[in-house]
Amino acid sequence: MGVYLRVAGYAFRRYSTYRVATASAVVTNTVFGFLRAYILIALWQARPQLGGYDVADAVAFSFLTQALIGPVNVFAGSLELTGRIRTGDVAVDLHRPVDLQGWWLADDLGRAVFALVFRGVPTLAAGMVAFGIPLPGPATLAAFLGSAALAVLVGFALRYLVSLCCFWLGDERGLHTVSTVSTMFFSGMILPLVVFPGPLGEVARALPWAALIQVPADVFLGRHTGTGLLGVYAFQAAWAVALLGAGRALTRAARHRLMIHGG
Amino acid sequence: MIEMRDVSRTFVIRSRDGRRLRRSRTVVRAVDGISFTIGAGEFVGYLGPNGAGKSTTIKMLTGILAASAGSVRVAGLDPARQRTALARRIGVVFGQRTTLWWDLPLRDSLTLIRHLYRVDAAAHRARLAELTEVLDLGPFLGTPVRQLSLGQRMRGDLAAALLHDPPLLVLDEPTIGLDVISKATVRGFLERRNAEQGTTVVLTTHDLGDIERLCRRVMVIDHGRLAYDGGLDRLRATAGAQRVLVVDLARPGEPVDLPGVSVMRVEGPRQWLAIPQGSSAAAVIAELTGRYEVRDIALREPDIEDVITRLYRAGRGSREAVQ
Amino acid sequence: MAEALRVYALLAWTWTRAAAQYPVSMIMLTLTTVALTLLDLAAIALIFVHTDRLAGFSGTEVMFLYATSLVPFAMADIVLGTAERLGQHVREGSLDTMLVRPVSPLIQLATEDFTPRRLGKLLPGVVVLAVALERADVDWTPGRIVMIPLMLVSGTLIFGALWVITAAFQFVVVDGREATSSVTYGGAFLTQYPMHIFGRDFVRTLTFVLPLAFVNWQPALYVLDRPDPHGLPAAARFASPAVAAVLCVLAALAWRAGLRRYRSTGN
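Residue numbers (this note's numbering), protein chains in the order written: chain A, 1 to 263; chain B, 1 to 323; chain C, 1 to 267.
In case anyone wonders, no lab produced these hints; they're calculated from the structure. Treat the hints with care, as some may be off.
[As the list claims (entries may be wrong)] Partial chain B-side listing against chain C, Cβ under 7 Å, derived:
(1) Val27
(2) Val28
(3) Asn50
(4) Leu65
(5) Gln82
(6) Ala87
(7) Arg88
(8) Val92
(9) Thr99
(10) Arg107
(11) Asp108
(12) Thr111
(13) His115
(14) Val119
Yeah, the Cβ is synthetic: ideal placement off N, Cα and C, and Gly gets one too.
Whole structure, please, built from the sequences with the hints as guidance.
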């Protein structure tokens, strides 16, 4: 356990050295938060109560998606592990007496905690101040943190899978974009999934990407409480377990491949 | 080919002061009033410890950086003002980073270079064929640059720097990190290029092998100032380096007593004698064999590394004295 | 200028030929770029599932805005998009290697990795533009017909100038790439929508500081024959070419100042 904590700590510290880059990301997340908020305001003016949201919910949603981009790492496509697989350095990682998936999970958690505190919080705060949206109570905030943590876990599991595919793919950029497009569309990034119509909405809300942004945002908006909250936690956790499990299987296959074919 | 007069280059360094947000601002003189002239066809080594101002000088010579003061002329041009015109007349190689494109095969990289420098197709073909042969690029012309070994990459970089046939070649640590064979290839190539085509070569290096093998003239920069400029032989004398006579006497004894000769070390029957500058080793040896029973004698030229170290130390000493 | 274009074309062609050695990868990347670009259109489509009008604009009208934003943005992105890597090149020192070559570093930067994949952004824009023009309820006078190519060219120049200005900004703030993308990508995103849905101060900034309102909003008001919700004089609708020209001059100055700064302060 100690080694994972340390890895997470190093990741946190590594990201904290990029101060200007972090500030610059906050600027962009906030600007896009404003843009998306205004678009949603226009939509909710035409259709008040659409999808069970009111205008304030829609605005908060816009900034929540922007605040979660950092922690969930929506645009990244995969992990830095991809580069190490490309160069063959991963062989070194596989020889360490530490679990490969655990190592990178710890690294990603360190990064996510940093991104949540120094990218997410300022972005969300800017939006809430600008539009005068009140902060939810401590119980809801605590529930949100739980959901956000599960979102980070699912996000990691997905990107880990994409990274590992590089063992078998000649060029990972195509897969990267496919992963980014699916994440953006099905997570609620471009529009809340509550406005996705009919079967499209039902499918989108059941896919793992919903666990990344839509679910934690809804928890923040207080739409899930009591047993409902346990239900969405279970939804997120189920996807996390399934995807992390798939990651483990793929890791084994990759190790096997590496031993037979070499790097 | 190159003329620098009283050239200085200062940098302003801003740094955060510990945990407080107060910023400190320091002015650093990376190059501090340097003057020298390099003629056509020379082969010059530019030496100095890390942070002495070597790279800054190279950047000013190639037009990447403008000088803060003084005048720089390279190939008859002002590098800061006429950067693009100058670029056509010089070839530049950075040992630490490639000027080739990471994702492209070497051949495509060289084609890009041809378009950048507007080399016509026939001339390009001829020069590429020649460079391919002397640098033995053939086996990896089709390989993406990222997959090349360091030695192969450096040969590719050399070819890229010479495709437009520049009369001046500037190399920033061209042998850094290379294995023994690659180093020899690169050195041999530079030596021939200089001798046969008369290309003027300026190179910075930490590798004294480069200097001893290649450079007829050496410049040493330390703390932004020229600590030495001249031939390799005179460098040894300037730095106060002494030739050493290693003598094996028939039996252990007291340090030998010869006029003007100081004994540096005694180890049983073996003694190390420093020969003062300007005196003849032959005379000392004659004197010695006349007075003592000598089994064996070896004369050691001062080690170039030792010379440079002394030079740097001397610079540091005077610098500290000033401060 | 002609020389710059010639060199640009040669370099772009060399990169393209290199990329063409892996045709499957190239096609795949082009398709995924198309998909990524279509995400914004998907958002617009989803919005109009729920409403006929967004702030008074019909679906076709918003499609028209989307296309007249995307086509210029894609063209500028094709030509200059990789200029946003400037900060990275400064950090890694590779800008120095560009400076010892006899071609503007901006051209070297802009042609880097040039592949037909970049067309993947333009393609959806052109298709949607054709559909929007065909379906739009416009009284086609000669002036309105001329305005279409004029706004596309002006918009391209405005976005192109913004790519250069934001790249030049990275000479000063080396790690500022993310922030600059709020101007470039943010600009491309917001001009897809009727501008009066954004807050008043926001629009003022977008009209007068970053002249994004002149990419397509002002000319579109003329083509669609609508009053300006913010009451700007009618002349503003025809100001795009002039704004584009001024912005290009500013971009050239900014680039030069940035480069001079780099060469005089070092890094």
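Now for the hints, and whether the structure bears them out:
no.: 1; hint: Val27; result: violated, 12 Å
no.: 2; hint: Val28; result: violated, 10 Å
no.: 3; hint: Asn50; result: violated, 15 Å
no.: 4; hint: Leu65; result: holds, 6 Å
no.: 5; hint: Gln82; result: violated, 10 Å
no.: 6; hint: Ala87; result: holds, 4 Å
no.: 7; hint: Arg88; result: holds, 5 Å
no.: 8; hint: Val92; result: holds, 4 Å
no.: 9; hint: Thr99; result: holds, 4 Å
no.: 10; hint: Arg107; result: violated, 9 Å
no.: 11; hint: Asp108; result: holds, 5 Å
no.: 12; hint: Thr111; result: holds, 6 Å
no.: 13; hint: His115; result: holds, 4 Å
no.: 14; hint: Val119; result: violated, 11 Å
Violation of the numbered hints given earlier is confined to hints 1, 2, 3, 5, 10 and 14; the remaining hints are satisfied by the structure.
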